[in-house]
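Given the sequences, and given the hints that come with them, work out the whole structure.
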Amino acid sequence: MSAGPGGHYLVLGAGGLGCPALLGLVSAGAAAITIVDHDVVDASNLQRQVLYTTADVGMAKVDAAKVRLRSRDPRLHVRALRLRLDATNLAPLLAEQPPGTIVLECSDAPDLKFMVNDTCLAGQLPLVVGGVQRWRGQVQAVQRGHACLRCMFEGPPPTELQEPCSLVGVMGAAAGLLGFWMAQLAVALHAGEPVAGTLWAIDTRTLLPQQMRPRPRPDCPACGAARST
Amino acid sequence: MATIRIPTPLRKYTQGKEEVQIAGATVQAVIEALEHSHPGIRERILDEHGKVRRFVNVFVGDEDIRFLENLQTPVAERDEISIIPAIAGG
Numbered sequence: 001m002s003a004g005p006g007g008h009y010l011v012l013g014a015g016g017l018g019c020p021a022l023l024g025l026v027s028a029g030a031a032a033i034t035i036v037d038h039d040v041v042d043a044s045n046l047q048r049q050v051l052y053t054t055a056d057v058g059m060a061k062v063d064a065a066k067v068r069l070r071s072r073d074p075r076l077h078v079r080a081l082r083l084r085l086d087a088t089n090l091a092p093l094l095a096e097q098p099p100g101t102i103v104l105e106c107s108d109a110p111d112l113k114f115m116v117n118d119t120c121l122a123g124q125l126p127l128v129v130g131g132v133q134r135w136r137g138q139v140q141a142v143q144r145g146h147a148c149l150r151c152m153f154e155g156p157p158p159t160e161l162q163e164p165c166s167l168v169g170v171m172g173a174a175a176g177l178l179g180f181w182m183a184q185l186a187v188a189l190h191a192g193e194p195v196a197g198t199l200w201a202i203d204t205r206t207l208l209p210q211q212m213r214p215r216p217r218p219d220c221p222a223c224g225a226a227r228s229t
Numbered sequence: 230m231a232t233i234r235i236p237t238p239l240r241k242y243t244q245g246k247e248e249v250q251i252a253g254a255t256v257q258a259v260i261e262a263l264e265h266s267h268p269g270i271r272e273r274i275l276d277e278h279g280k281v282r283r284f285v286n287v288f289v290g291d292e293d294i295r296f297l298e299n300l301q302t303p304v305a306e307r308d309e310i311s312i313i314p315a316i317a318g319g
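Just so you know, the protein sequences line up as chains A and B, in that order.
Take 1 as the starting number for the first sequence in the working numbering and just add one per residue.
Take 230 as the starting number for the second sequence in the working numbering and just add one per residue.
Hints listed in this document are in silico derivations from the structure and should not be mistaken for laboratory results.
Bear in mind that the values here come from a model prediction, so they are computed numbers and not experimental data.
Backbone N, C-alpha and C define an ideal beta-carbon position, used for all residues, glycine too.
Treat each hint with caution, since some may be false.
[What the hints assert, rightly or not] Just so you have them, the derived chain B footprint on chain A, three or more residues with Cβ under 8 angstroms: (1) 16-23; (2) 55-65; (3) 79-85; (4) 108-117; (5) 125-132; (6) 151-163; (7) 198-204.
[As the list claims (entries may be wrong)] Sample of chain A residues with no beta-carbon within 10 angstroms of chain B, all distances over it, derived: (8) A28; (9) L46; (10) G100; (11) V170.
Structure (structure tokens):
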């Protein structure tokens, strides 16, 4: 699969953020999308994972998503990868992506978000990383030369302070807003617009966005490693 | 007094308030005063060594305090301080 005029996007996670992000990418005219997720559709997902229906329960998310996206645009190239990402398979997956690929990190795994940040910087793959929980979320476009996720936050919260989505919940509207926002940033990166380095945070109960533009942190290990490659 | 923007996960310490007004000459002093009026919030921002937690960022205005004087960054009367934790769900 090669990047067409509408661009190739690699979407990691086809859940609460991934579903609206995928719809946003297709609506924006993406030429090709690779979707990676290991999970199957559960009935409890349906209030926020808007690509799926009750008929999809039990089906692999990547397969259900592929069917739904192709039904919206039959010309779209979709590659569905049922895979649980970890430290051993992430770098090879990113390395095999065609030039110009934009990565969207939509998983609910804190450690993975930072791992994707580091690996994308090292491989010069532009990235949009997002997070959503309860009513709130944040998005950031990451590109070499600008503040990355690890410049903004030095690392993920320790396990004992993490709040799993399964425990605290995610409002469907919040996931929808943040997922489409991620798609918008990904399309902007593809178009070469200067969106990298800014972090937007929003609470959907107030709808007052916060916009932070941190400078790249001189001692950021991810940016440092990327500069040396 | 400076205005502190409280992120959603910490609002349980501020009775749901999104912003609170706190006086303090430095970010450190503001956080200590915040702890005095809203007990329990300090340890969500600072670790056991008194440093800003790795997954939290603090801004005075638009500036990351790590590029200023960290917790000793001066706070002016009308400054806005934002506490931004990483949100990792998806």
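We went through each hint and held it up to the structure:
Counting residues of the segment 16-23 of chain A whose C-beta lies closer than 8 angstroms to any C-beta of chain B gives 3; at least three are required, and the coverage claim holds. Restraint check on the segment 55-65 of chain A versus chain B: 0 residues with Cβ-Cβ distances below 8 angstroms, three needed, restraint violated. Counting residues of the segment 79-85 of chain A whose beta carbon lies closer than 8 angstroms to any beta carbon of chain B gives 0, which falls below the threshold of three, so the coverage claim is violated. Remark: the segment 108-117 of chain A is confirmed as covered by chain B, as 4 of its residues place a Cβ nearer than 8 angstroms to a Cβ of that chain, reaching the required three.
Note: the segment 125-132 of chain A has 3 residues with beta-carbon separation from chain B under 8 angstroms; the three-residue rule is met and the coverage holds. Counting residues of the segment 151-163 of chain A whose CB lies closer than 8 angstroms to any CB of chain B gives 9, which reaches the minimum of 3, so the coverage claim holds. Counting residues of the segment 198-204 of chain A whose beta carbon lies closer than 8 angstroms to any beta carbon of chain B gives 3, which meets the minimum of three for the stated coverage. The Cβ of A28 of chain A lies farther than 10 angstroms from every Cβ of chain B, with a closest approach of about 20 angstroms, so its non-interface assignment holds.
For L46 of chain A, the non-interface assignment is confirmed: its Cβ lies about 16 angstroms from the closest Cβ of chain B, beyond the 10 angstroms cut-off. Distance check on G100 of chain A: its Cβ is at least 24 angstroms (rounded) from any Cβ of chain B, clearing the 10 angstroms threshold; non-interface status holds. At roughly 6 angstroms, the least C-beta separation between V170 of chain A and chain B is not larger than 10 angstroms, which violates its mark as non-interface.
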